[in-house]
Amino acid sequence: MNEKIYDNFLQPLKNRPDMQPNHEFKENLHKKLTSMAQEQKRTKRGIRKHFLPNLLTAALLLIGIVAGYEVIFTEKHEIESKHSNHSDINDVKHVELTEEKAKETVGIAFAHASIIYNGGGPEMGEVFSYNGKSYRYMGEDFITKEKVVAYLEEVYTKEVANRIYGAMDFIEYNGKLAQPNRQMSGNLLWQDAEIASRKQLNDLTWSFEIRVPVDQGDSDSFRIYHISLKYEDGWKLDGSLPFTTKNSKDIEIGQTQTFQLNDEQMIVYKAFSKDLNETHLKGLDPISIALLYVQAEWEGRYDIAYALYADREGYVNWTKEYEENIPSSDRMSRKQIPIAYAGLADGKFFQTGDFTGYIEFTNSDSKHGFQMIQDEDGIWNVAFMPLQ
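Sequential numbering of the sequence shown, starting at 46, is according to my numbering.
Derived by calculation from the structure, the hints in this document are not laboratory data. Hints may be right or wrong, so weigh each one.
Stated by the list, open to error - Within a straight-line C-alpha distance of at most 30 Å, the following computed DSBU-like cross-link-like pairs (lysine-lysine) qualify:
| # | residue 1 | residue 2 |
| --- | --- | --- |
| 1 | K380 | K365 |
| 2 | K365 | K319 |
| 3 | K319 | K190 |
| 4 | K178 | K146 |
| 5 | K327 | K148 |
| 6 | K192 | K319 |
| 7 | K203 | K315 |
| 8 | K315 | K380 |
| 9 | K315 | K190 |
| 10 | K221 | K146 |
| 11 | K365 | K315 |
| 12 | K192 | K221 |
| 13 | K315 | K327 |
| 14 | K178 | K190 |
| 15 | K148 | K192 |
| 16 | K190 | K327 |
| 17 | K146 | K192 |
| 18 | K244 | K148 |
| 19 | K146 | K203 |
| 20 | K244 | K327 |
| 21 | K327 | K192 |
| 22 | K315 | K393 |
| 23 | K327 | K146 |
| 24 | K190 | K203 |
| 25 | K221 | K315 |
| 26 | K148 | K315 |
| 27 | K178 | K319 |
| 28 | K221 | K178 |
| 29 | K190 | K146 |
| 30 | K148 | K203 |
| 31 | K203 | K221 |
| 32 | K327 | K412 |
| 33 | K327 | K365 |
| 34 | K393 | K380 |
| 35 | K148 | K393 |
| 36 | K203 | K380 |
| 37 | K244 | K393 |
| 38 | K178 | K315 |
| 39 | K203 | K192 |
Could you build all of it, start to finish, from the sequences and the hints given here?
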């Protein structure tokens, strides 16, 4: 049977409204087949009479099988069957995620976020003043929360799309969605990113180490980021992407040093500081997590710093109450922090075990290691007393 005939044969089942097994039908079928078999045994009226009931039996059995299965049509007319009671995890075992598809998804995800961060494209709305700050209306295609989230969900998981929206400074003004009137740009060339390694975590999730070029003139520098793709009505990015290795929002430390978070890290830090919910950290690479910790230490937000510590069993060294009572004399000062962690943002992460690793970085003193622990939820956290 060639491909066209095969397709035509199954076409009537493509939009079948009810694919669930009919238990009453199965019971009646069983009774009918039993009755037919008994009648056949009694009569024995020749080969023709013997053949027809068996043909009917086969036909009815075929109908029963079709009633319990779905037929999936792919774009290439390749057909695969699955039982209607199977889980979604089993459904995606046959969905291939190539490196090219992963790179394409990352590039599109970055473009989608960039458009949202920058007012919805060239058709952004008018600028106005609110509470002494300059705001702009979002473009018509993104004038409500629902439209923004739906656009992000085209390439981000539902959870991450809502998290990105929640981390931004949107307001609703005169019935329209608006955001601070500022531009967010970066020097990370995500469209030219290359995959350094990949690992399948389960049928629904892949983890990737991606090498991203940095636009620094003639420099060939790059950064390594860890990202995850999850199957959710298609392959989606399960984490947000940083825009830049540089900072558009510096925090002054004394008169000689600045400690820097890039735009994306600052957005995540703000969101995490509000509720200490680790879902905000999902998809962040270990270096970004470490930088959030340093930011919290510098601000004196020890509740945030403690929430960034590892909570994996066997790796918790002291309680939150103990942390709150550590005297200031035993902590690094604001002036010491940026000096101690200088070079951390440009460090390199090394995974040493199933859930252990460290960031190697160099500052003016020497080479250091910043210890990290991956919790059971897959998020990298800071090890207690991380600086080695």
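These are the hints, each one checked on the structure:
no.	hint	in the structure
1	K380 - K365	holds, 25 Å
2	K365 - K319	holds, 17 Å
3	K319 - K190	holds, 20 Å
4	K178 - K146	violated, 41 Å
5	K327 - K148	holds, 19 Å
6	K192 - K319	holds, 25 Å
7	K203 - K315	holds, 20 Å
8	K315 - K380	holds, 22 Å
9	K315 - K190	holds, 19 Å
10	K221 - K146	violated, 36 Å
11	K365 - K315	holds, 21 Å
12	K192 - K221	holds, 12 Å
13	K315 - K327	holds, 14 Å
14	K178 - K190	holds, 21 Å
15	K148 - K192	holds, 25 Å
16	K190 - K327	holds, 22 Å
17	K146 - K192	holds, 25 Å
18	K244 - K148	holds, 15 Å
19	K146 - K203	holds, 19 Å
20	K244 - K327	holds, 17 Å
21	K327 - K192	holds, 23 Å
22	K315 - K393	holds, 25 Å
23	K327 - K146	holds, 21 Å
24	K190 - K203	holds, 13 Å
25	K221 - K315	holds, 24 Å
26	K148 - K315	holds, 28 Å
27	K178 - K319	holds, 22 Å
28	K221 - K178	holds, 17 Å
29	K190 - K146	holds, 28 Å
30	K148 - K203	holds, 20 Å
31	K203 - K221	holds, 23 Å
32	K327 - K412	holds, 29 Å
33	K327 - K365	holds, 22 Å
34	K393 - K380	holds, 24 Å
35	K148 - K393	holds, 22 Å
36	K203 - K380	violated, 41 Å
37	K244 - K393	holds, 19 Å
38	K178 - K315	holds, 19 Å
39	K203 - K192	holds, 13 Å
In terms of the numbered hints stated before, the structure departs from hints 4, 10, 36, listed from lowest to highest.
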